[in-house]
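Peer 1: Chains as they are written, first to last, in my numbering: chain Z, 6 to 230; chain L, 6 to 230.
Among the hints, erroneous ones may be present.
Claimed, not checked - With a Cα cut of at most 30 Å, we get these calculated DSSO-like pairs of lysine-lysine: (1) Z:K133 with L:K50; (2) Z:K50 with Z:K212; (3) L:K58 with Z:K212; (4) L:K58 with L:K12; (5) Z:K129 with Z:K89; (6) Z:K12 with L:K50; (7) L:K12 with L:K137; (8) L:K12 with Z:K212; (9) Z:K212 with L:K50; (10) L:K12 with L:K89; (11) Z:K89 with L:K89.
Quick caveat, the hints were computed from the structure, so don't treat them as lab data.
Protein chains: 2
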Amino acid sequence: MGVESSKTVPEPTLRRLPLYHRYLLQLDKLGRENVSCTDIGLELKLDPTQIRKDFEAAGIEGRPRVGYVLTHLIDGIERFLGWKNVQETFLVGVGSMGAALLGYKKFERCGLNIVAVFDNDAAKVGQKIHHKEILPLDRLVALARQMGILIGIITVPAPAAQAVADLMIQGGIRAIWNFAPVQLRVPESTIVLNEDLYCSLAFLSQKLAGVLRTTPSQSAAIPRF
Amino acid sequence: MGVESSKTVPEPTLRRLPLYHRYLLQLDKLGRENVSCTDIGLELKLDPTQIRKDFEAAGIEGRPRVGYVLTHLIDGIERFLGWKNVQETFLVGVGSMGAALLGYKKFERCGLNIVAVFDNDAAKVGQKIHHKEILPLDRLVALARQMGILIGIITVPAPAAQAVADLMIQGGIRAIWNFAPVQLRVPESTIVLNEDLYCSLAFLSQKLAGVLRTTPSQSAAIPRF
DNA sequence: TAGATTGTTAATCGATTAACAATC
DNA sequence: TAGATTGTTAATCGATTAACAATC
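Please put together the full structure from these sequences, using the hints given.
Peer 2: What follows is the structure in structure tokens.
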């Protein structure tokens with residue numbers, strides 16, 4: 006234990022840990038007690054060594070021959086990802102994307118608790134969504150400071166996103182999860198995570214083009230598995 | 006020109022191209038005619054050399070001293086990403102996430118046209134959303150085959166996702182954009198792109214923890230820019 | 001011409017994969 | 001003990017960055 010090493014963890018590792026976590030929860034439900042990297046790798050189609058390295062990066066130890074204790078592993082991932090201490094979060098923009106995120110019940114297990122939602126549409130303000138009252142945008146800064154909010158979620162249309170980000174930063178928010186397809190301008194000390202669906206789409210369509218090139222129009226013979 | 010080289014393009018490149026595309030459209034609107042990698046790099050905080058390599062991978066050429074012709078560049082990216090020929094797509098699951106995606110008007114410019122939406126909730130079937138009639142799930146396979154659909158979007162709750170994926174594959178769909186937090190089992194020839202918000206969240210929370218460690222509680226002094 | 005910018009090759013960096021020793 | 005599995009070091013691979021030549 007002792008002081009956490011300040012070495013930064015590779016982003017791919019961070020993105021794989023929740024995948025393991027999900028699978029481990031499944032195993033846990035089935036009553037399994039131990040699990041090896043080989044097992045996990047088979048299920049998630051990943052290299053066992055890579056998985057072992059990921060666990061090592063998260064500071065989780067196993068035992069040769071036995072593998073990892075399931076509860077220990079689940080616990081370790083949650084602790085490492087900071088999912089143990091729930092962060093209170095503001096969400097701005099109650100469109101359909103905002104509503105979708107509010108519906109993700111499991112966010113709370115992952116350390117994210119949306120405690121207030123904002124919109125600047127007068128028609129929406131005052132209404133309730135998922136048991137949360139929609140507040141006017143001009144209350145964001147004061148409330149964020151008062152409550153010490155550190156994470157903000159932006160689900161407004163693109164043209165409004167920068168203004169919202171500015172308010173969040175004024176309110177002391179340090180990490181922004183941005184669903185609007187725009188490049189936000191923020192101070193260096195602020196983290197922005199862009200959830201840019203257009204970028205994902207590019208990936209998908211290009212990959213599809215590649216696959217079709219190698220195994221074209223399969224209208225007759227459909228692959229079975 | 007000639008036959009496209011079959012060398013696969015790095016995923017990071019594919020994910021950056023839409024970023025360039027978006028910025029270039031902005032410049033185009035302002036009446037700019039040429040642009041250099043230096044300009045783009047400054048705006049998007051990326052290395053100019055990297056941008057040049059990305060353009061090269063997309064088969065786009067510039068001219069020393071001048072830079073790239075804006076329209077040529079925009080056109081080249083769209084062509085390379087396959088955004089020129091629109092793919093007809095099915096979406097399954099008309100919850101709030103499904104509704105959110107249906108609202109992304111700009112998908113069409115990116116080669117994605119959602120031509121039919123499905124749900125197995127009898128209460129939803131027959132209703133309209135974004136001018137599209139919601140069809141019962143059991144019509145998916147036949148329709149997909151009939152229309153030669155290649156891309157499917159899954160926005161159903163996690164427990165229903167695998168069954169939907171199976172139907173899509175039966176219907177001849179080759180690429181699945183999966184918004185349900187589950188690991189889908191598909192044949193090798195099928196592409197799956199997981200839009201896993203829990204994985205993103207892990208990244209965000211860990212990064213936040215890192216930043217707070219180096220520059221802690223800034224409740225008084227808020228960074229300005 | 002001089003200088004900015006592309007094009008291209010080489011160097012660096014980081015992540016993945018392989019190899020193998022340690023261990024229960 | 002033998003064998004599976006972790007732990008750890010080395011090799012490989014791929015992407016980023018740097019260097020520099022070509023060119024308009």
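Peer 1: Hint by hint, note whether the structure agrees.
Peer 2: Comparing the hints with the structure gives:
1. Only pairs whose Cα atoms come within 30 Å are accepted, and Z:K133 paired with L:K50 is rejected, the gap being roughly 39 Å.
2. For the given pair, Z:K50 sits about 19 Å from Z:K212 by alpha-carbon distance, which is consistent with the 30 Å threshold.
3. Between L:K58 and Z:K212 the alpha-carbon distance is near 19 Å, which keeps this suggested pair within the 30 Å criterion.
4. Distance check on the hinted pair: L:K58 and L:K12 sit about 14 Å apart at the alpha-carbon level, within 30 Å; holds.
5. With a C-alpha separation of about 33 Å, the suggested pairing of Z:K129 with Z:K89 is violated against the 30 Å cut-off.
6. Among the hinted pairs, Z:K12 with L:K50 is consistent with the structure: their alpha-carbon atoms are about 23 Å apart, no more than 30 Å.
7. Annotation: proposed proximity of L:K12 to L:K137 is violated, straight-line Cα distance about 39 Å (limit 30 Å).
8. Our distance criterion of 30 Å between C-alpha atoms is met by L:K12 and Z:K212, whose separation comes to about 12 Å.
9. Straight-line distance between C-alpha atoms of Z:K212 and L:K50 comes to about 26 Å, which keeps the hinted pair within the 30 Å bound.
10. Under the criterion of a C-alpha separation no larger than 30 Å, the hint pairing L:K12 with L:K89 is consistent with the structure, at around 21 Å.
11. With a CA separation close to 46 Å, the supplied pair Z:K89 and L:K89 exceeds the 30 Å bound.
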